[in-house]
Amino acid sequence: MSESTDTTETTEAAGAAEAVKGGSGTPPGVAGYAVRNWRMLALGALLLLAVAAPFQLVPFRVFQLTMVMVYAVALVGLNLLVGHAGQISLGHGAFFAVGAYSTAVMMYHWDLPYPVTFPLAAAVAFVLGYAFGVPATRLRGLYLALVTLAIAIFLVPLLKRFESVTGGSMGLTLEKPEPPAWTGLAQDQWLYFLALAGTVLAFLVVHYLLRSRVGRAMHSVRDNETAAEVMGVRPASYKRRAFAWSSMIAGAAGCLYTWTIGFVSPDSFTVNLSITLLAGIVVGGLGSTWGPLLGGLFVMFVPSWSQDINKAAPGVIFGLLIIAVMYVAPTGLAGLAGRAAHWFNKTRSNRILRKG
Amino acid sequence: MADFVQQFVGGLGAGAIYASLALALVLIYQFTGIVNFAQGELAMFATYIAWTFIDAGLPFWLALVLTLAISFVGGMLIERVIIRPVEGAPELTLVIVTVGLFIFVNAAAGWIWSFLIKDFPNPFPGGALQAGGVSLAYSTLGVLAVVGGVMGLLYLMFRYTKIGLGMRAVATNPESARLVGIRVGWTLAFGWGLAALVGAVSGVLVAPLLFLEPNMMGGVLIYAFAAATLGGFDSPLGAVVGGLIVGVAETLAGSYVDFIGSDLKIGVPLAIILGVLLLRPQGLFGRAVVERA
Amino acid sequence: MSEPENGPKAEEEQGAVSAAGGDRDFLVVDDLHAGYGAVRVLHGVSLRVGEGEICAILGPNGAGKTTLLRALCGMVRGRGSVRLDGTTLSGRSPDTVARRGVAHVPEGRGTFMPLTVEENLRLGAYARRNRAEVQADLERVYGHFPVLKERVKQAAGSLSGGEQQMLAIGRALMSRPRVLLLDEPSLGLAPMVTRELFGIVRSINQEERTTVVVVEQNAHLALDIAGQAHVLESGRIVLSGSAGEIKADEQVAQSYLGYRI
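Residue numbers (UniProt numbering), protein chains in the order written: chain V, 1 to 356; chain X, 1 to 293; chain S, 1 to 261.
Please note that a few of the clues may not be correct.
[Unchecked claim] Heads up, incomplete: computed chain V residues facing chain X, CB under 10 Å, no partners named:
(1) L128
(2) L146
(3) V147
(4) I151
(5) M170
(6) G171
(7) T173
(8) L174
(9) P177
(10) V282
(11) M300
(12) F301
(13) S304
(14) V316
(15) I317
(16) M326
Treat the hints as calculated values from the structure; they're not laboratory data. Quick reminder that beta carbons are idealized off the backbone N, C-alpha and C, glycines included.
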């Protein structure tokens with residue numbers, strides 16, 4: 001079993017019962033393989049479905065699914081920070097915006113070819129995330145929440161102010177990436193595949209990151225900072241890295257956003273976006289592998305459906321759901337500590353079993 | 001010089017508003033270790049309640065008293081119903097729950113009163129007090145007087161009443177407070193009620209300056225955070241002093257630093273928060289911040 | 001291990017001898033089990049304390065002495081029953097138990113550090129309404145602990161360890177408790193200070209007829225002032241008797257307490 005899939009179990013509401021049962025120490029070896037195979041199959045089926053979808057759906061649906069993936073990428077980043085490193089960002093949308101605007105500026109003012117903008121936008125967001133992370137992660141998690149909220153609120157007037165670069169309140173309109181002729185794809189399909197590639201990339205990056213030593217250190221900081229410190233892990237350093245990476249991924253998502261929409265304006269990136277993203281990942285499932293994807297669907301479709309009832313309905317739903325989710329796992333993320341510890345043991349014995 | 005003094009006093013007026021929201025944050029933080037991200041939204045909601053009363057023809061000050069009473073009860077209810085189930089949960093959970101509350105209250109206000117901006121009456125007379133070439137707007141003086149009065153009453157309550165003593169005991173050592181027979185749960189609820197009341201004061205005072213709409217308090221909340229960070233999250237006095245400093249700094253930066261102007265003023269609290277975190281993380285009046293185990 | 005069975009019986013006999021006129025079934029603990037989460041600490045503790053008596057709970061580190069006191073005052077939930085003068089206390093929250101007359105001086109003293117000495121004492125009387133009586137009791141506490149009177153307006157956190165322990169006991173007395181629970185009052189104090197403190201506890205017990213349950217590692221001191229004593233080991237009472245009996249039986253003391261008295 002891989003690390004990330006395992007955390008999935010621990011976060012899902014149903015996982016609570018399972019973790020309790022697991023305490024009796026059922027040997028996971030054989031079952032682990034079965035689950036793994038089943039998961040690979042499901043993953044393959046999902047990818048196949050994803051590749052087939054744009055050929056079966058009308059362009060508007062293709063666009064919607066593209067946006068789901070754009071949000072999912074942003075949520076992969078947010079999940080890394082909140083779900084895996086246990087830190088809170090209320091300004092994830094700001095780093096999303098940084099990526100989106102970097103891309104727009106590079107394409108609009110500098111005429112750079114669009115593929116180049118993807119790594120560059122991610123890099124800009126990474127650097128900014130790192131810079132803000134230095135003061136914000138020195139102390140308790142609360143301060144990161146404060147700083148990121150302040151950033152999210154500050155960003156809109158800032159974007160409006162530097163009109164010559166950002167286009168001010170009017171924003172910037174650009175050409176969306178054209179599909180290469182050999183593909184024979186329509187533009188919406190091409191954008192869809194770009195977003196799909198970005199999504200797969202983001203999932204893979206985080207997957208391997210979490211499997212690395214760094215990922216384990218991050219989990220240990222989340223689960224018990226003091227214990228992590230005793231083991232020689234410097235919490236601030238990992239919190240800062242987690243924040244920088246999560247910003248980087250948000251920046252990459254922002255780049256995909258700009259490609260998909262072909263337009264950026266300050267009012268698309270208000271603090272509401274950040275809060276919506278947080279709602280998405282909390283409802284989708286903190287620390288779970290598929291949480292970002294579910295969150296992306298949620299963020300994309302719930303507002304568009306519920307807005308017919310009332311303009312405020314999405315907010316009411318988001319707010320209530322967030323609170324409800326936190327109740328359903330009453331131990332919150334601390335419960336993860338125990339479950340994750342249990343899981344560490346399980347994997348370790350798992351490995352030994354396999355060796356023997 | 002006269003202009004400077006005028007700006008300075010204007011800054012104090014704005015700062016007094018930030019101070020009252022910051023004080024609301026600090027009150028809750030002290031008792032429960034929770035930073036209530038929904039504090040500004042609760043204040044906004046209270047302001048709508050006040051607006052509804054005024055719109056129905058009630059005199060301003062009566063509407064205010066009714067609003068404060070409703071806020072107090074509402075704050076207590078929120079603690080009992082929404083916060084109680086996650087009491088003692090990790091910080092991440094608490095922050096997320098208050099953010100959920102933030103979103104919910106914001107949207108609920110939009111649902112009930114719509115997102116259109118509303119005019120909120122200024123309770124203070126127009127015009128200004130002229131003194132030595134300096135003109136001080138009555139509304140600024142009025143804000144200072146109201147906030148000063150509220151702070152004074154709070155101080156007296158904490159210092160000289162039994163419930164105040166009990167609250168301080170709960171803030172210092174909840175377990176021990178329970179052992180002397182204090183109903184800690186109700187004391188916490190009382191603290192939330194009080195915080196909601198103090199926050200409502202800031203909402204009602206800021207509404208005439210900003211126009212009333214559901215997102216009115218977002219910016220003010222950031223100023224209040226800066227104030228509480230500057231003063232120290234565990235110090236009510238710090239919140240007040242921090243609020244005044246933030247108000248003055250923001251006003252002076254807005255009028256004397258061309259680059260900042262009125263539209264980038266919201267960067268001032270961000271700079272203050274970052275600066276405090278780098279230089280003096282516990283704030284001016286706070287006890288040294290210890291990483292929680 | 002024959003003592004556990006003998007325990008309650010020995011205790012009953014003891015109670016009959018030493019209950020100085022009061023109700024000898026004043027505080028009754030029956031088959032109390034308690035612990036923290038999955039960790040069980042107490043495995044069926046039963047004991048009786050007579051009114052106006054000093055009862056010492058002895059035993060090695062980790063025997064469950066502190067947990068026993070915490071279970072008595074409601075800080076730790078458990079199974080079994082705790083009754084004070086016929087009223088059931090088990091299952092109630094600490095604030096309610098406190099209002100029923102059980103004053104617990106916790107390990108670490110529970111001082112409200114930033115508050116003044118007087119505020120700390122007044123908090124002890126938080127559940128009481130009669131101001132004049134509270135004022136009188138304040139003077140009474142200052143009578144027991146003159147050093148506190150000199151520091152009335154000082155922050156409690158600035159007191160020495162011994163003074164803080166006195167403050168904690170004073171705070172407990174301010175509630176006019178029917179039972180005073182003392183958890184390791186000697187912890188971290190100099191021997192001289194400890195002796196003074198125990199002297200004061202004894203005089204409080206004698207002058208005000210306050211029932212005292214004291215948990216101590218320093219068995220020697222505790223037995224000096226106690227009427228009755230119980231030895232707790234691994235969450236069970238393994239020995240009960242009058243303080244004199246337990247003190248005299250050095251062999252037993254050594255094997256159960258693990259150290260020389």
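(request) Tell me, in ascending order, the numbers of any earlier hints that this structure violates. (result) Failing hints, ascending: 1, 5, 6, 7, 8, 9, 11, 12 and 13.
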